[in-house]
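Trainee: Residue-level listing of the chains:
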Amino acid sequence: MSLPVVLFALLATVTAVSALGVVLSRNVVRMAVWLLFTLIGVSLLYLLLGAEFVGAAQLIVYVGGTLVLLVFGVMLTAQGPLRELRTPAAQLVVGGILGAILVSLLIVVSYHIVLPNPPEQDKLPGVASLGLAFLGVTETNPPAALTGLPEGTRVARTPVAYLLPFEIVSVHLLVVLIGAAYLARAKRRVQS
Amino acid sequence: MTELGLQPFLALSAFLFACGVVCIASKRNAIGVLMGVELVLNAANVNLVAFARYNPAFQLEGQVFTLLVIVLAAAEAAVALAIILNFYNNHATVDVDQADELKG
Amino acid sequence: MPEFWSVYLPEPWNLVAAGVVAAAALFGYIGISTFFAIWAERKVSARIQDRLGPTRVGPFGLLQSLADGIKLISKEDVAPAGADRFLFKLAPYLAFCAAFCGFLALPFGKGLVALELNIAAFFMLAVLSSEVFGVVLAGYASANKWSLFGGVREAAQVVSYEVPRAMCVVIPVCVAGTLNLNLIGQQQTGWFWNWNLFHDPFTFVAFFIFFICATASCKRAPFDLAEAESELVAGFHTEYSGIRWSYFFLAEYGSMFAVSGLASLLFLGGWHTGLLPFEPSEVWGFWWGNLLNAAVFIGKCWLLVGVMMWMRWSLPRLRIDQVMMTCLQYFLPISCGLLVGVCLWLLLVPAGAAEVVRYALALGTAGFLLTLIVSLFRYPPMSAPRGQLPGAWDGVRTPLTIQIK
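In order, the protein sequences belong to chains A, B and C. Going by the working numbering, the first sequence opens with residue 1, and the numbers climb by one from there. Going by the working numbering, the second sequence opens with residue 1, and the numbers climb by one from there. Going by the working numbering, the third sequence opens with residue 1, and the numbers climb by one from there.
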């Protein structure tokens, strides 16, 4: 029962209970709050696994961006009867059976995975290595002062650069920004 | 962390994925469906980062893919919300059961 | 920190002990800072408005915050009838936790940090951005139309201002080459011309843009339409009373101190006095040196918080459309331009010219500040002989002067 195991048990419980809360709540605002706790739990999981930059990016992009967007959408549309929409019981049963089959299948498959020996140290390559990968630099071994790893650790990696996906994602974000702003522009509301 | 192994993380990711799929399948509120999609994407991300930690060949790639997925999920949530707001403005409801105009 | 405890405790417990001590110290810091900041706000606002402020409770009214705290704790815990009770109770804790966790990566001295992260600056920005949820949920859960307006307006403002704020944080990070706040602080050792503020003109302007964007994202005046006292009663925390309202206040002052700490660390040299050519904790020992470091750092935080208070009581409030326009049409392009400028400066300007500009900026600013302070003492305070009015009113015939004669 070392500290990482206890921390993982705690975080996994919080994340799983919050995800269950998202599924089981009927009020859409409560669902958003449970989703907030799930996303924070996932971010803490990333920090536990040693991926610090990804954990902070999850907080800033998902929690501080996407979830705020969702909450705005909820505030704008959750008026009156739309706040609690009840699903018929039959659909809930079908959904539940589907979920149970899916989770058992995935867990069974995951226990058959054979991996090479995992590295002993807990720290993954840091911001500098990620930055160099996104800039398309493949052949260098950054010094320990940049990577944040202990001195002399070789970062085992496939020599692939990620400049093209980075640029595509940047242009994609620009296109999505313009598209979403156009789609959601203020128009006349239908008189219901 | 090494004694914890990979499987608990994959099990948690599977549970999150299943929760997301049940959300997508059973919620009537369109924003609820969108929350299910976010859960699915987060489950995939947990999977990627867990493999990054436990497989020495993926230490960098796992994180790179996770960052790309986070960014793309944010973009997709923005567009989905714009569509939902458009639907709300046209039909005064976000109930997906009422989005049946294209029904054959 | 954990190494200190590992002498006394076995393996996982030294981490737990270090964590508990750090959390308690940070909680105490936020609490005491808020205690004095509330008093300081009332005194500063009073003096700016030509009145006295709290004077009765304790010397100079210093125990006023204590009296307020006792009053707030003893109030009845009401919630509106139609409110969502769970969310109503949760929202203040969310806001406070976000403000508190922002301090985890902030170093008060060399090595005097709760958690030394390689991505400390990014982590602080990320955690402080979660505070918006406390506000939005408070606005929604109050079952009050005006609170909802205040909460949603405030969320839009905070989230919008985070973008130029993050860009202005990237600028000194580009100069420093690392996101680690400990290293950024250590790079500014020595005389004050080593501070990142004076490194190049773009960083100089970036400090002021960062400070304004940080004020806006802390929802302080002149950007405080979330709690616009004359319009929305109290915005998103209208329905909160007693101890729950004071959690929001703790969160607000906590985040003010957090962004002031970040600004002073990134731009103003952090824990360095700027007048000692060495690092105190290396010359005078870890604890004594860091005592000086922490005192200097807290002093700089208080200076910036004092400027925020000064701005609040001097400038009129902005409208929501003015707020959004300022962010999206002015600060965002300006901060993008500054970022490009800093990158070009680091790449193209030769070292000699950069040094000259750095000394010019540093000594120029120091000279300007000294002249300003000296000029405050040069002229005697306004006074006039009996029957006349001082200053600009000298010689003007007014009912007052006519009657005295």
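FYI, nobody ran anything at the bench for these hints, they're computed from the structure. Bear in mind the structure is a predicted one, so any value in this text is a computation, not a measurement. Do not rely on the hints blindly, as some may be mistaken.
Said to hold, decoys possible - Just the calculated beta-carbon pair ranges, DEER-fashion:
#: 1; chain 1: A; residue 1: I178; chain 2: C; residue 2: Y330; range: 19 to 27 Å
#: 2; chain 1: A; residue 1: G80; chain 2: C; residue 2: I320; range: 23 to 31 Å
#: 3; chain 1: B; residue 1: H91; chain 2: A; residue 2: L105; range: 33 to 41 Å
#: 4; chain 1: B; residue 1: H91; chain 2: C; residue 2: C174; range: 54 to 62 Å
#: 5; chain 1: A; residue 1: A89; chain 2: C; residue 2: G111; range: 56 to 64 Å
#: 6; chain 1: C; residue 1: I70; chain 2: A; residue 2: I178; range: 51 to 59 Å
Think of the CB as a built atom: it goes at the ideal place given N, C-alpha and C, for glycine as much as any other residue.
Trainee: Which hints from the list above does the structure break, by number from lowest to highest?
Mentor: Hint check: 4 fails alone, others pass.
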